[in-house]
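Asks: Each chain, written out:
There are 2 protein chains.
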Amino acid sequence: MRHSIPTWLEVQADSDFSIHNLPFGVFSTQPNPTPRIGVAIGEYILDMHFLVSEGALDGLSFEIETLQEPVLNSFMALGNEAVRELRARLQLLLSQASTEREPIEEEGLILQSDATMHFPFMIGDYTDFYSSLEHAQNAGKLFRDPDKALFPNWRHLPVGYHGRASSIQLSGVNFHRPCGQIIDKERSTSENLIPKFSPTRALDFELEMATVIGKPSELGQRITAQNAEEHIFGFVLFNDWSARDIQRWEYQPLGPFLGKNFFSSISPWVVTFEALKHFRVKSPAQEPEVLDYLKTEGNRNFDIQLSVEIQAENSLPTVVTQTNFKHMYWNVAQQIAHHTINGCNLNTGDLLASGTISGSEPGSYGCLLEITENGRKSLTLSNNQERVFLQDYDSVIIKGWAEKDDIRVGFGSLFNKVLPAIISSRQ
Amino acid sequence: MRHSIPTWLEVQADSDFSIHNLPFGVFSTQPNPTPRIGVAIGEYILDMHFLVSEGALDGLSFEIETLQEPVLNSFMALGNEAVRELRARLQLLLSQASTEREPIEEEGLILQSDATMHFPFMIGDYTDFYSSLEHAQNAGKLFRDPDKALFPNWRHLPVGYHGRASSIQLSGVNFHRPCGQIIDKERSTSENLIPKFSPTRALDFELEMATVIGKPSELGQRITAQNAEEHIFGFVLFNDWSARDIQRWEYQPLGPFLGKNFFSSISPWVVTFEALKHFRVKSPAQEPEVLDYLKTEGNRNFDIQLSVEIQAENSLPTVVTQTNFKHMYWNVAQQIAHHTINGCNLNTGDLLASGTISGSEPGSYGCLLEITENGRKSLTLSNNQERVFLQDYDSVIIKGWAEKDDIRVGFGSLFNKVLPAIISSRQ
Chain A
33 MRHSIPTWLE VQADSDFSIH NLPFGVFSTQ PNPTPRIGVA IGEYILDMHF
83 LVSEGALDGL SFEIETLQEP VLNSFMALGN EAVRELRARL QLLLSQASTE
133 REPIEEEGLI LQSDATMHFP FMIGDYTDFY SSLEHAQNAG KLFRDPDKAL
183 FPNWRHLPVG YHGRASSIQL SGVNFHRPCG QIIDKERSTS ENLIPKFSPT
233 RALDFELEMA TVIGKPSELG QRITAQNAEE HIFGFVLFND WSARDIQRWE
283 YQPLGPFLGK NFFSSISPWV VTFEALKHFR VKSPAQEPEV LDYLKTEGNR
333 NFDIQLSVEI QAENSLPTVV TQTNFKHMYW NVAQQIAHHT INGCNLNTGD
383 LLASGTISGS EPGSYGCLLE ITENGRKSLT LSNNQERVFL QDYDSVIIKG
433 WAEKDDIRVG FGSLFNKVLP AIISSRQ
Chain B
33 MRHSIPTWLE VQADSDFSIH NLPFGVFSTQ PNPTPRIGVA IGEYILDMHF
83 LVSEGALDGL SFEIETLQEP VLNSFMALGN EAVRELRARL QLLLSQASTE
133 REPIEEEGLI LQSDATMHFP FMIGDYTDFY SSLEHAQNAG KLFRDPDKAL
183 FPNWRHLPVG YHGRASSIQL SGVNFHRPCG QIIDKERSTS ENLIPKFSPT
233 RALDFELEMA TVIGKPSELG QRITAQNAEE HIFGFVLFND WSARDIQRWE
283 YQPLGPFLGK NFFSSISPWV VTFEALKHFR VKSPAQEPEV LDYLKTEGNR
333 NFDIQLSVEI QAENSLPTVV TQTNFKHMYW NVAQQIAHHT INGCNLNTGD
383 LLASGTISGS EPGSYGCLLE ITENGRKSLT LSNNQERVFL QDYDSVIIKG
433 WAEKDDIRVG FGSLFNKVLP AIISSRQ
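In order, the protein sequence lines correspond to chains A and B. Here our numbering is used: the first residue of the first sequence is 33, the next is one more, and so on. Here our numbering is used: the first residue of the second sequence is 33, the next is one more, and so on.
Calculated directly from the structure, the hints in this document are not laboratory data. Take these hints with a grain of salt, some might be off.
You can't tell identical chains apart in this list, so a pair holds if it fits in one copy or across any two.
As the list claims (entries may be wrong) - Below 25 Å or equal to it, Euclidean Cα-Cα: the simulated BS3-like pairs (lysine-lysine) are:
#, residue 1, residue 2
1, Lys228, Lys180
2, Lys436, Lys180
3, Lys217, Lys173
4, Lys327, Lys449
5, Lys327, Lys228
6, Lys217, Lys327
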């Protein structure tokens with residue numbers, strides 16, 4: 033058990049950003065609009081550019097200039113030894129024993145409410161896995177044959193596919209309901225499917241977590257499941273927004289495309305692997321036994337509580353899902369080992385999303401496709417409105433946090449709102 | 033009909049790099065190892081950094097400093113008006129009327145054989161389409177049901193999926209045969225498929241062309257089929273190397289992943305849309321009629337001859353495929369309009385590959401899966417060796433060129449060699 037570190041900064045007991053967390057982000061302020069690296073602590077941001085300039089990080093063994101760049105990539109590429117060292121120094125600076133309190137309090141701390149957050153790293157490639165057994169079973173039943181929900185490969189490898197990096201945006205960015213081809217039910221027969229152009233009528237969220245790659249690998253190099261964690265800088269909350277009707281029509285045989293790539297979103301603070309190590313738990317048993325390169329030992333899942341709320345315009349949010357990252361059948365070490373077994377290289381800033389995270393019970397499903405059984409059962413919001421899929425001006429709020437031994441490490445929230453479709457004359 | 037421009041530089045009549053081509057790349061030399069932008073002309077490279085420094089590009093209306101960067105992105109982002117202006121100036125400088133011949137000859141021209149080529153742009157996202165009807169039919173028959181080779185969506189939209197950008201390399205880079213999970217035929221039954229770890233036994237090339245995006249689009253913005261060409265900086269030859277046995281086991285339901293992402297390759301010179309406009313031809317008729325946003329008029333395909341050669345170690349190459357880019361059912365304007373119809377943004381440096389390009393006759397198929405009917409019919413090389421899929425130390429050479437009115441515009445070649453698998457003890 034770890035003990036809480038006494039700090040001179042007041043941090044609420046229920047804050048996601050305790051002294052044990054210290055997540056990294058990129059922010060700017062009105063007086064200083066240059067994006068720079070910060071670390072969240074309570075309601076504040078600790079300005080890394082300032083700390084380096086002040087000499088408060090002198091003596092650390094890594095290149096501290098990486099902390100003065102406008103994105104996290106150079107720092108993340110150093111690997112987790114640098115993260116461990118920096119965390120220890122920051123905890124010292126924030127501890128009651130610190131002699132640096134005064135300059136930091138005066139110039140190095142910015143209220144989060146006074147800051148604008150920016151995308152924290154230059155994104156590389158984005159991969160989406162499909163690692164929740166419950167989600168794969170539920171989605172397989174709804175999209176395909178209920179008796180053959182899982183394909184034969186599912187229990188042998190962490191199924192994954194490539195997604196679109198360019199349209200991944202930060203919490204707080206809103207987007208327009210996407211348009212595209214959907215099946216025209218009025219004109220189609222089972223023998224002859226005919227599409228029409230339409231705004232999606234089946235807009236969905238997907239509750240996911242995403243791994244942010246720190247230390248990169250070379251083309252041709254395999255990262256073993258045993259070494260995988262050294263390549264994980266941290267995690268963010270991830271919403272893999274999906275248009276189910278577009279996806280259903282387009283996805284065969286090469287996978288989802290326009291049904292997903294219109295928009296995805298991440299939470300602004302990257303919670304480090306180092307902060308989350310404390311919350312590791314045993315992975316679920318895997319049957320049949322996996323191939324050697326996918327075998328992992330010890331605690332490789334993470335006990336992170338997750339919730340999804342839907343908030344209609346001018347209404348209070350309604351919790352529609354509560355689940356946990358620990359349910360994942362395939363853990364992140366297995367995902368990384370699989371991703372590189374063929375020599376595929378991972379770059380700093382790559383995102384590896386988990387796939388929708390569902391528990392086994394209703395109330396713990398990670399997307400509306402599952403919650404409403406693809407539109408068959410409606411959901412009642414706190415304002416008594418019904419939903420089967422998302423409506424215009426609905427917001428989706430994802431939260432995630434870990435708690436153990438009176439220590440709380442959280443992700444804050446991921447919030448985006450759906451705006452109406454733009455129907456252009458140039459369609 | 034265009035007339036050839038007389039130049040003071042000797043360019044062989046059969047050169048891919050005529051004065052009508054002027055493709056862009058990034059190169060360095062031993063005396064000057066800084067990567068810089070160059071334009072190929074005959075056997076030479078015209079050094080853009082030098083031309084800007086010399087003042088030879090003064091008076092052009094775009095920011096010519098973009099030509100002094102180590103990658104093409106800033107220049108490409110300007111759009112095709114800048115390309116047209118620069119091409120006109122370069123043709124003038126190389127013409128017999130030029131007064132700048134002497135300094136350019138002395139310091140601005142580098143022999144291609146003295147240069148090392150670099151990846152010409154910072155790559156963004158990589159999308160692979162599936163736009164050849166012949167390939168989709170052949171592959172569908174071999175991977176799935178011969179009677180339902182095409183999915184119902186195929187003739188209604190240009191099917192595409194996201195691929196891996198990090199492992200796309202330049203011509204001349206060799207790679208190791210990838211390993212991964214393949215079906216263990218000895219232990220599997222039709223009811224119970226069991227995988228094993230193995231180097232791929234079905235390594236294949238895929239002959240493709242890739243569009244390089246210049247002018248970007250914003251998230252939420254649609255690029256119409258009519259405006260699409262203004263976003264195309266140019267094209268490269270593309271080899272979408274594939275491991276068919278890995279792909280077959282993993283690809284359902286979310287598409288290809290490790291069967292593709294171990295390695296892909298492009299030719300080093302980006303041939304501009306402006307140079308290829310001259311070779312546009314009518315697109316094939318599309319039946320049924322496509323939705324409005326996919327309609328195109330005029331000549332939207334490109335008459336580009338393509339060939340693939342396989343060269344076994346210490347042997348002469350054998351031509352195994354001859355086909356043409358003009359056969360594509362879905363043209364690149366349609367691909368771009370479809371890609372952005374849901375608001376997905378395109379960035380400068382994004383690659384949109386065509387999918388395997390096959391003609392309708394044997395001898396014109398774009399991959400070994402089709403040529404050998406998935407290993408059932410072997411191919412005889414010039415050294416009398418047989419192939420069903422690629423062997424270690426085989427090289428694949430892709431060539432592409434357009435010819436019309438005595439004007440030749442070519443891509444040079446795309447060449448990569450297969451090295452043996454690395455079987456690590458850490459598998």
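Asks: Hint by hint, note whether the structure agrees.
Replies: To see whether the hints hold, each was checked on the structure:
| no. | hint | verdict |
| --- | --- | --- |
| 1 | Lys228 x Lys180 | between (29 Å within a copy, 22 Å between copies) |
| 2 | Lys436 x Lys180 | neither (39 Å within a copy, 55 Å between copies) |
| 3 | Lys217 x Lys173 | within (21 Å within a copy, 28 Å between copies) |
| 4 | Lys327 x Lys449 | neither (40 Å within a copy, 32 Å between copies) |
| 5 | Lys327 x Lys228 | between (47 Å within a copy, 14 Å between copies) |
| 6 | Lys217 x Lys327 | between (46 Å within a copy, 23 Å between copies) |
Hint compliance for this structure: hints 2, 4 are not met, and every other hint is.
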